[in-house]
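Student: Chain A is fixed; fit chain B onto it per the hints.
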Amino acid sequence: TLFPMTDVKSSPPLRVLVSDELGQVKVVDVAAQYATAARSATWGTVSAARAITSLASLPGEGTRPDALLVGQADGEVSCLQGLNGEAAAPLQPAASGSGEGVRSVHVVPGSGEPTIVTVSAGGCVRGFARQPDDGAWAEAWRWQAACKEVECSGVDPTGRLLAVGGRGCELRLHALADGGVAFAGRGGKPSRVGLVDRPWNTALAFLPPSPAPAGEEEPAGARLVVGTGHHRVRLYDTAAGRRPQLDVGWGEARITALASEPSGTRCWVANGQGQIAVLELPSGLVVGGIKGAAGSVKALTLHPTLPILASAGLDRTLRLHHTASRKLLAKVFLKSQLTGAAFAAAPPPLPEAPTLPLPASGGPGLPSSAAFAHAVQEPASEPEEARPAAKRPKLIMPSIKKKPRKGTGPSSSASLGKKRVVVRA
Amino acid sequence: MVEHIGNKQVRSTRFRELKRKEDRRKKAERKKRQAAAEKAEKAGAEPVPKPVPKTIENTRELDETIVAPDDEEVAAEETQDEFADHFKRVRPPHVLITTCFKPSGIMYKFIAELLEVFPNATYYKRQGFPLKKIVQFAKNRDFSDVVVINEDRKMINGMLVTHLPEGPTAQFRLSNLKLSTEISNHGRISSHRPEVVLNNFSTRLGHRVGRLFASLFHQDPAFRGRRVVTFHNQRDFIFFRHHRYIFEEKADRRTKEARVQARLQELGPRFTLQLESLQKGTFDSKSGEFEWLNSGEQDTSRRRFKL
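As you go down the protein sequences, you meet chains A and B in turn. The numbering of the first sequence is the numbering used here, which starts it at 1 and goes up by one. The numbering of the second sequence is the numbering used here, which starts it at 426 and goes up by one.
Be aware that one or more of the hints could be misleading.
[Stated by the list, open to error] A few chain B positions that, by computed beta-carbon distances, are all more than 10 Å from chain A:
no., residue
1, Phe440
2, Lys456
3, Phe512
4, Met532
5, Glu541
6, Arg598
7, Arg679
[What the hints assert, rightly or not] Covered by chain A, per the in silico footprint, the following chain B stretches (three or more residues, Cβ under 8 Å):
no., region
8, 494 to 504
9, 704 to 713
[Unchecked claim] Derived pair list, reagent style DSSO-like, types lysine-lysine, alpha-carbon separation capped at 27 Å:
no., chain 1, residue 1, chain 2, residue 2
10, A, Lys291, B, Lys731
11, A, Lys148, B, Lys557
12, B, Lys731, A, Lys327
13, A, Lys148, B, Lys564
No lab work stands behind these hints, which were simulated from the structure alone. A quick note: this is a predicted structure, and the numbers were derived from the prediction, not measured. Think of the CB as a built atom: it goes at the ideal place given N, C-alpha and C, for glycine as much as any other residue.
So here's chain B without its partners, still in its complex pose:
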């Protein structure tokens, strides 16, 4: 509108005028709309439905990699993939947690919390072993997964999850970590096996990553413990949350009817993960084969997501 004006002062003045005009027009329109809606409601007519704002999530470009709920081929593949034994309850999870070389104090606090989050987890010191050797040791001792937490200058910034014996290896960037001691009104973690909630893992790659997370927890949770671990994927960011829930009957504020609602209390740590790579096989970043790497994608847009 004002791009053709070269003079910065004239241009900025003109822009301010136009913006003020536009704001006044919108305000007037909004007032008119609200008055009409109130009038209609008073008259007893149906209230006009509120227009839903467009967000990046609800204008997501659906691409061909999204798995349909009734896809038989994907379902058949998932009965035979690396995680099939876990989902058939043949192989219970046993997670080995270790760190990068020379971790600092915050790492031990985080690992202490992780050992409470995972129902069957063991911590081993890194002791300078290369990762390929650690994977071999874990296989020898019948672990089902290896989780390695990375730290840089006293900030925890990465997580690597390898499923054993030949399962995929996922590398994540870890950010926005908040330990339970930093969360106000946090609860105490019990030893009940938690339920796992995986939200919005819709594409084929998302299915793989979702199953990788699910394989860290038991398939039969203790519902009595009312403990839930959530991996919520939104715009390719995976949010980890850990809550205790309770169902209560409460009177709804507007309709004044009694309704069963869930109330949450946050427990363990809270962090955000971003998938960096998914490698087929156990850890071998130099000569392994990657299923997905965030480097080559050309045909992509702001409204297209990978998970």
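Next up, chain A with everything else stripped away, as it sits in the complex:
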């Protein structure tokens, strides 16, 4: 079935930036209508110490072009130009000074310039603001999160809260400005046997803000989906209570990635065994799944406008799927273990080949200019007197090719007694 508005045939060219565990960013260009998908460039040199742990795109504004923020395992955060991967305005200081790796990088849109927020593996949260004079990003504030072994973090849609999850501490939502705990979540209720999982949140994703209640400007609370290392998926609503509003088990491995759809009713989940599924919220029912990933899926990214899901992981392959039909659109093998994926603005299309200038009077061997002129003329300028009166527009029916059934039809009966020969290329 083809979905109107989401027809594959009308898809534009795409560009996906994929980070790996060797400190490289690989640029994958997908042609229009998924004709081809291949790596077009690699930014960075191979270095396992500078493994990239997180990617964030920094949209351009005014004179500042699009940029890509990259957080590395050695603790440094770098800013790369979105078009060619060269170093852009640096972040000062690049490393937090504690020697821990960067866990995530977020871009918080603000009234003027956005703020860059980085979270280290030890829970050190830093905020960067752009300096007006030299364009570099300087550290504006820093505070310590409640969690000391951070594994996931996220910024809520309003840009005021930072959710931090990891080992040893349940979910906490901090106010970005000063680090004060705005919401302290509790874990799931004990199981029937009375067992409680140790706090271990491995992935989280905020849901789009629910519509504000009547008479108020802002929605009551923030809603986010959290995945744990004990294969549970939980939905927290800060307005409804500290316990999760939904707590379901899915799969048998740790949840590694979450991506919520803009509608707010579905959420994509992936785990360490390469399973990807889409859950309906708030019921928590599995609506569908994606097969194909052979290794842990480290990153799930939804395209901002089109219904495309990018998944990348330890099986060294980037896959693009259609979110509604769950069909595979493109698959690219990228040789190294992948850790993050981000959609970027597709490169501008190549300029059209210029038409040859018409020869003035035609030299030897060249066709006469009159013949040339006729060929390059637009078809509309053909003699219109020859055309009959206005015709009805020709209906273009979609061509539906029917597969011949085995054993029936004229072709199969004619081949009785003959063996079909399959020619291998």
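Tutor: Here is chain B on its own, set in the frame of chain A:
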């Protein structure tokens, strides 16, 4: 050809006729071909090259995961991966061998042979410790690898290899085990460090698994001992063989020229492995992350292999 005949007896009779006709035609064609080849050879012309039959290996569909021999990115990654220290000869191998819970007699015989195969290996009783704890103990005592052999109802059926300290964990299914006592004319294993031969590990995953096997043995073999351990991958089955070789000059039967040939004598155990999963990090099957698991592959065919 006969699918349209519904009556089983008529169909089977017709099929037999057609098959006989086909066999006779092929025989006649073969005779003609052989007669022509003999005639040509007698006349002195070049013999027609024998047609090579198509096998699954030589019609293998090459996919994009196969590593090219000159791939710089893979080479650069391999200088920095978990096995780099072993290949740079900074960290010699020291293998800890243990078993599943409550092994039976055949396990002890197999482990006795494995202790002779690996040049630097130590056996510890399982004693009911969970695997995660055993990995921790091995790290404390500076082991480089942990090998766990699994047994079910007196049949050895599995092997788990974990590289330490944070290396990948591979789980294999072990089959067709033959101990050296069951191999006729087997030789005695010496204590020379063996050479390691890794055949057909062509894809990216194959490279990882091949390096895992190589990290169980020393990087500088004693060539004087003429001992070789082979991990031969064919159609995703890994065949383990252990031989002693000797180079001899022998007269070739056809050309009657003296040629140096290798003669082999099989030594230690012989078994077959199939990769079930490769997990990143040390053993943690519940909440670990897998690099490869034999569950999700969709776009696959009979002529496409993973290693």
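Student: All hints are to be evaluated individually against the structure, with a verdict given for each.
Tutor: Consistency of the hints with the structure:
no. : hint                : verdict
1   : Phe440              : holds, 13 Å
2   : Lys456              : holds, 22 Å
3   : Phe512              : holds, 14 Å
4   : Met532              : holds, 29 Å
5   : Glu541              : holds, 35 Å
6   : Arg598              : holds, 17 Å
7   : Arg679              : holds, 33 Å
8   : 494 to 504          : holds (count 5)
9   : 704 to 713          : holds (count 4)
10  : A:Lys291 / B:Lys731 : holds, 17 Å
11  : A:Lys148 / B:Lys557 : holds, 23 Å
12  : B:Lys731 / A:Lys327 : holds, 23 Å
13  : A:Lys148 / B:Lys564 : holds, 25 Å
No hint from the list above goes unmet by this structure.
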